[in-house]
Amino acid sequence: MPTSNDATPTELDVRIWRGGEDGAYAHYRVPFRESQTVLDVVTFVQRHLDSTLSYRFACRVGMCGSCAMTVNGAPRWTCRTHVSKVAEDGVITIGPLRNLPVIKDLACDMTEFFEKWQRAKGRFSPTRSRREPFERISPETPKRKAVDAGIECINCGVCYSACEVVSLRRDYLGPAALNRAWTLVNDTRDAEHDARIAAVSGDAGCHNCHSHQSCVDHCPKQLSPTASIAGLKRASVGAAWRRLTGR
Amino acid sequence: MSPTALYVAQRGTAAILLPLVLGHVALILYAVGDGLSAGEILARTRGSTFWGLYYGLFVVAAAVHAAIGVRSVLGDWTRLSRTALDRVALGFGLLLLLLGSRALVGIL
Numbered sequence: 001m002p003t004s005n006d007a008t009p010t011e012l013d014v015r016i017w018r019g020g021e022d023g024a025y026a027h028y029r030v031p032f033r034e035s036q037t038v039l040d041v042v043t044f045v046q047r048h049l050d051s052t053l054s055y056r057f058a059c060r061v062g063m064c065g066s067c068a069m070t071v072n073g074a075p076r077w078t079c080r081t082h083v084s085k086v087a088e089d090g091v092i093t094i095g096p097l098r099n100l101p102v103i104k105d106l107a108c109d110m111t112e113f114f115e116k117w118q119r120a121k122g123r124f125s126p127t128r129s130r131r132e133p134f135e136r137i138s139p140e141t142p143k144r145k146a147v148d149a150g151i152e153c154i155n156c157g158v159c160y161s162a163c164e165v166v167s168l169r170r171d172y173l174g175p176a177a178l179n180r181a182w183t184l185v186n187d188t189r190d191a192e193h194d195a196r197i198a199a200v201s202g203d204a205g206c207h208n209c210h211s212h213q214s215c216v217d218h219c220p221k222q223l224s225p226t227a228s229i230a231g232l233k234r235a236s237v238g239a240a241w242r243r244l245t246g247r
Numbered sequence: 248m249s250p251t252a253l254y255v256a257q258r259g260t261a262a263i264l265l266p267l268v269l270g271h272v273a274l275i276l277y278a279v280g281d282g283l284s285a286g287e288i289l290a291r292t293r294g295s296t297f298w299g300l301y302y303g304l305f306v307v308a309a310a311v312h313a314a315i316g317v318r319s320v321l322g323d324w325t326r327l328s329r330t331a332l333d334r335v336a337l338g339f340g341l342l343l344l345l346l347g348s349r350a351l352v353g354i355l
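In order, the protein sequence lines correspond to chains A and B. In terms of my numbering, the first sequence opens at residue 1 and continues consecutively. In terms of my numbering, the second sequence opens at residue 248 and continues consecutively.
Treat the hints loosely; a few may be bogus.
Which bits of chain B does chain A cover? Going by a derived footprint, with three or more residues having C-beta under 8 angstroms, they are [unchecked claim]: (1) 250–264; (2) 330–344.
Just a sample of chain B residues kept apart from chain A, beta carbon distances all over 10 angstroms, derived [stated by the list, open to error]: (3) T292; (4) R293; (5) G294; (6) F297; (7) Y301; (8) G322; (9) V352.
Computed beta-carbon distance windows for the label pairs [what the hints assert, rightly or not]: (10) A:R144 <-> B:T292: 51 to 57 angstroms; (11) B:I354 <-> A:E88: 56 to 62 angstroms; (12) B:A273 <-> A:H210: 27 to 33 angstroms; (13) A:D171 <-> B:V272: 38 to 44 angstroms; (14) B:T292 <-> A:H210: 22 to 28 angstroms; (15) A:S138 <-> B:V320: 41 to 47 angstroms; (16) A:E164 <-> B:L283: 41 to 47 angstroms; (17) B:A290 <-> A:W241: 54 to 60 angstroms.
No wet-lab data here; the hints were simulated from the structure. Note that the structure is a prediction, hence the values are computed from the model and not measured. All C-beta atoms in this analysis are idealised placements derived from N, C-alpha and C, irrespective of residue type, glycine included.
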């Protein structure tokens, strides 16, 4: 079995997680190529070295959010991560995302991630029917700008995997679901503002965030879920004040 | 208490504690720098409404702030129920309040 000492500039020593939660890392040697992504490496292993390797991908261009994995200890979108930027002395260690149950190899069970999205009321609830005209919203309004700041999330799970609070509290909604909720709280067309604020400010909600900003550090879309969560904290105080004063 | 109420209480007490802590540190530097004895310090604090209110507010704010912080840490690192967390936090806050009040009585 080759080790990192055997790696040459033309070859990568790739360590890939095999099995479920109690699996282990297996070693593979993969030819190094120019402009090679981590997803290219995984695909090479699956197509040429071991066809039983399981992993998840779809678009390969950073849009679908399905290929996130842990690369050399950090959660990353592998289709847009170049090997040349992450390889350490020709070695790459690729594992499944942290904080999610491993199904097999590099494929995680994303069920809890998307269930939390629903628990945070991450679905748009319209105030108008399809028979009414579209509501016109100026892109210059502060609320629309707040939506813009968080709307490009691709649900990759990188922030969820990076979050220390998710590691400690399994029921915590997590950065992605809360970021989504914040975009809807600022959507003036949405009908469920109060219910959403109540859903995200409970025991497993926004007040658990310690603002470590690991989600911000790792988000491949350069979003700031921490800022969104801080917005939800302020919004929850405003909602509580309105309930208290009856306004 | 709801998580939102705890959040407001902790941030509110943090805002109160910030100037009080800075004032307390400045006071210690002044007292030590000028070589005041314990007796001289007590002569200034005893019977003083201002210092009574200053450190009374300090004790209450610290008890609330620290108790909520400990509740948060325990919530992260243990599997205690919400009720158990509330009880531990309340107990810790009351303990701080008791200790702080005892110190307050000592200087007034």
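Checked hints:
{"no.": "1", "hint": "250–264", "result": "holds (count 6)"}
{"no.": "2", "hint": "330–344", "result": "violated (count 0)"}
{"no.": "3", "hint": "T292", "result": "holds, 37 angstroms"}
{"no.": "4", "hint": "R293", "result": "holds, 40 angstroms"}
{"no.": "5", "hint": "G294", "result": "holds, 39 angstroms"}
{"no.": "6", "hint": "F297", "result": "holds, 32 angstroms"}
{"no.": "7", "hint": "Y301", "result": "holds, 28 angstroms"}
{"no.": "8", "hint": "G322", "result": "violated, 7 angstroms"}
{"no.": "9", "hint": "V352", "result": "holds, 35 angstroms"}
{"no.": "10", "hint": "A:R144 <-> B:T292: 51 to 57 angstroms", "result": "holds, 56 angstroms"}
{"no.": "11", "hint": "B:I354 <-> A:E88: 56 to 62 angstroms", "result": "holds, 59 angstroms"}
{"no.": "12", "hint": "B:A273 <-> A:H210: 27 to 33 angstroms", "result": "holds, 30 angstroms"}
{"no.": "13", "hint": "A:D171 <-> B:V272: 38 to 44 angstroms", "result": "holds, 40 angstroms"}
{"no.": "14", "hint": "B:T292 <-> A:H210: 22 to 28 angstroms", "result": "violated, 37 angstroms"}
{"no.": "15", "hint": "A:S138 <-> B:V320: 41 to 47 angstroms", "result": "holds, 44 angstroms"}
{"no.": "16", "hint": "A:E164 <-> B:L283: 41 to 47 angstroms", "result": "holds, 46 angstroms"}
{"no.": "17", "hint": "B:A290 <-> A:W241: 54 to 60 angstroms", "result": "violated, 45 angstroms"}
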